[in-house]
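Student: Take the two lone chains, each set in its own frame, and fit them into one complex as the hints suggest.
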Amino acid sequence: MATRVYFDTNIWISAMDSKDPKNPAAINQFEQVRQGKQTLVISKWVFLEIIKFIIDKAMRDPSIQTSRTAESIKGYTKTVFSNYGNLVVGMKHVRFTDPKAGTSYLLQRAYQLSQEIFGHATKDPKCPVCHAPHDFFQYHGPYQVDFIHALIARDLQCQKMLTFDNDFSLLKNDPLIQPLSIEVLKS
Amino acid sequence: MLTKLQQLTTATPEHSHSLGKCNYFDLRFTTSHNFPKKGLRAKSTKHSPSLQISRNFSRKHQALGKYYFWESGEKLPSFKDISRSYWKRLFLKDFDEYMGHAWKATHPEPGPFINWFKLIAKDAPTQTPPKIPKTKDWKARVEFAKSIGLSELPSQSDDSFKQLYGLFDGIMKYDNEHDSVESVRRIRRQ
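First to last, the protein sequences are chains U and S.
When you number the first sequence by my numbering, it's gap-free, plus one each residue, and the end is 189.
When you number the second sequence by my numbering, it's gap-free, plus one each residue, and the end is 913.
Extracted from the complex, chain S is given alone in its bound form (with noise of 0.2 Å):
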């Protein structure tokens, strides 16, 4: 079994990153007892002798054991966890993988447990907004659309096209003039 907790705990070779030979994921270098918290100098302790890191390593390469072990973003078992937790995670995980197809064996039905989320989730009905091609002008049709004080972009069709022909008929009902080309022209000389 401690040849396992070692795999789960040594790096592969592809993330030694050049490191020599020297293991520094080793269980021997990984407990909390490693780095010392008031500094390099800690007190030497009587106890456990092989938890020690041997004074062979370099400061640097203590920190970069350090380095490592900050890194993998998982805390790395300690003496007491391994007597806890990570042996229970290992039996229940290899209990599952021995002993589960057993128990399933004489036990075909189906549990009590009913994913409820899962259920809801099938009977509600799909709802996906329909998708608008994003174009080369997304960006400044998005920002013309804010500007206007609409909140999405509205998707594209031949109504719009429609809609505007006669669209400032309401605002040219007091205008006896039709003539766009002389509004333009005043617009552009005043």
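This is chain U alone, in the form it adopts within the complex (with noise of 0.2 Å):
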């Protein structure tokens, strides 16, 4: 029997960009899916942050970047989005749906696992944007809208949610997030 997984959003984007360097692994996990091994399970919540990746990169297009009206970018956005949509649809053993719990469920849980899990922090003697000297502090570990996304994986049924991020790593075992096994792939 296939195993029902959920893809978290970096799987999709790796997929479909050829010079990410992820791309090999992503696409190793979607022939699995068209194979049958697995069925893909897709929530609005992915789509909600495709739309979001899609209107970042149309602040890089040269034709948006000409004409900044929000006609313009909603024109670019839904053009890219359709295309993509046209071929989730298309695409076999994958399955749409949406977490049926209630939102007040969910977010109890996702505040519960946002005073319980905690990252570390790292020191970088310089900028990350002019590289001048600089005592950069970042935090590493997952964020409240981390914790939401692996909750609505489990809530669908999953047995596993797929990442390229590091950070899911601290939600495994959680009780709160089991059964969903979490797996962070390596490029």
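In short, the hints are calculated from the structure, not lab data.
A few of these clues could be false.
Claimed, not checked - Short derived list, chain U residues pointing at chain S, Cβ under 8 Å: (1) W47; (2) D58; (3) F83.
Note that the structure is predicted; figures quoted are calculated from it, not measured.
Glycine included, each C-beta is placed from N, C-alpha and C at the ideal position.
Tutor: What follows is the structure, encoded as structure tokens:
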């Protein structure tokens, strides 16, 4: 029987970006879906993040930089997302679904996780933008949105959630996330 | 022939609805004269007394009789109708049943009638659309397809996977960074 899996948004984006170093690993997972070894579950939460990603990329497009109107951004985003959606609808072994659990219950558990799980901090002697000498401290750990994402995967009765983001490893074995298994893929 | 007519206008035993032994579908109770149009105080008719409703029937039973008359969906024949179309229908039916084979025996050649509609339908190539098996997420899938401007669901194929790989190459060409983890982190942290 096929494993019911949930792909984090970064796996979707890596598969669609040939220059991404993680592209082959992402495609490998999609191929397992195509062959029917895995049933891929997708929720509107992923679509929301894909739309946000497209809007970010629109900012680099010359056509948007020339005409910075809401209409041009809307047109760009809708066109790219429609092309994406058209393919997703045509993919075998992909299930469109959203969790039936109420928002209140979801937020309650996300709040509980945000009180329990914390990552660590790193110090960088250079500014990440201008690279000038500067003590830059960065937090490495799951954020609130990550908790919601994992909880959605759990509520959709997925057996596995696959991601490239190492921050999710802190969520492994948490009673609120179980029986979902979180697997961090290597590129 | 009256017996045959009675058979046609009489309710089946299963459809009598416990109305007792009274046969409300008896020809005597089915004419338009049975139920007075201007209230229950109908003027007594001097002619055809056999078509009168018996005074032994209560108003409730009369109403039920009217109900059955209406429920049957077919107007039961009035005396006038019997004398015209009903007889004609019965006669033609009997003729077809008993005499039709005799007519065919003496006229074996096919009739002049050509069913053009049938011939056209037979010659036209049948184009049945490919059936897409309905999955549990059918409704969500259709809803999503509508949201992106599709009028109907596309068929599922391996090509969709192949086209997905590298789909965002076009929008990423102005980007120096190709790290999905950092991109998604940025989306979630902003």
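Student: A separate judgement is required for each hint: does it hold in the structure or not?
Tutor: Structure-based check of all given hints:
1. W47: violated, 11 Å
2. D58: With a closest approach of 7 Å, the D58 (chain U) hint holds.
3. F83: Holds: closest Cβ of chain S sits about 7 Å from F83 (chain U), inside 8 Å.
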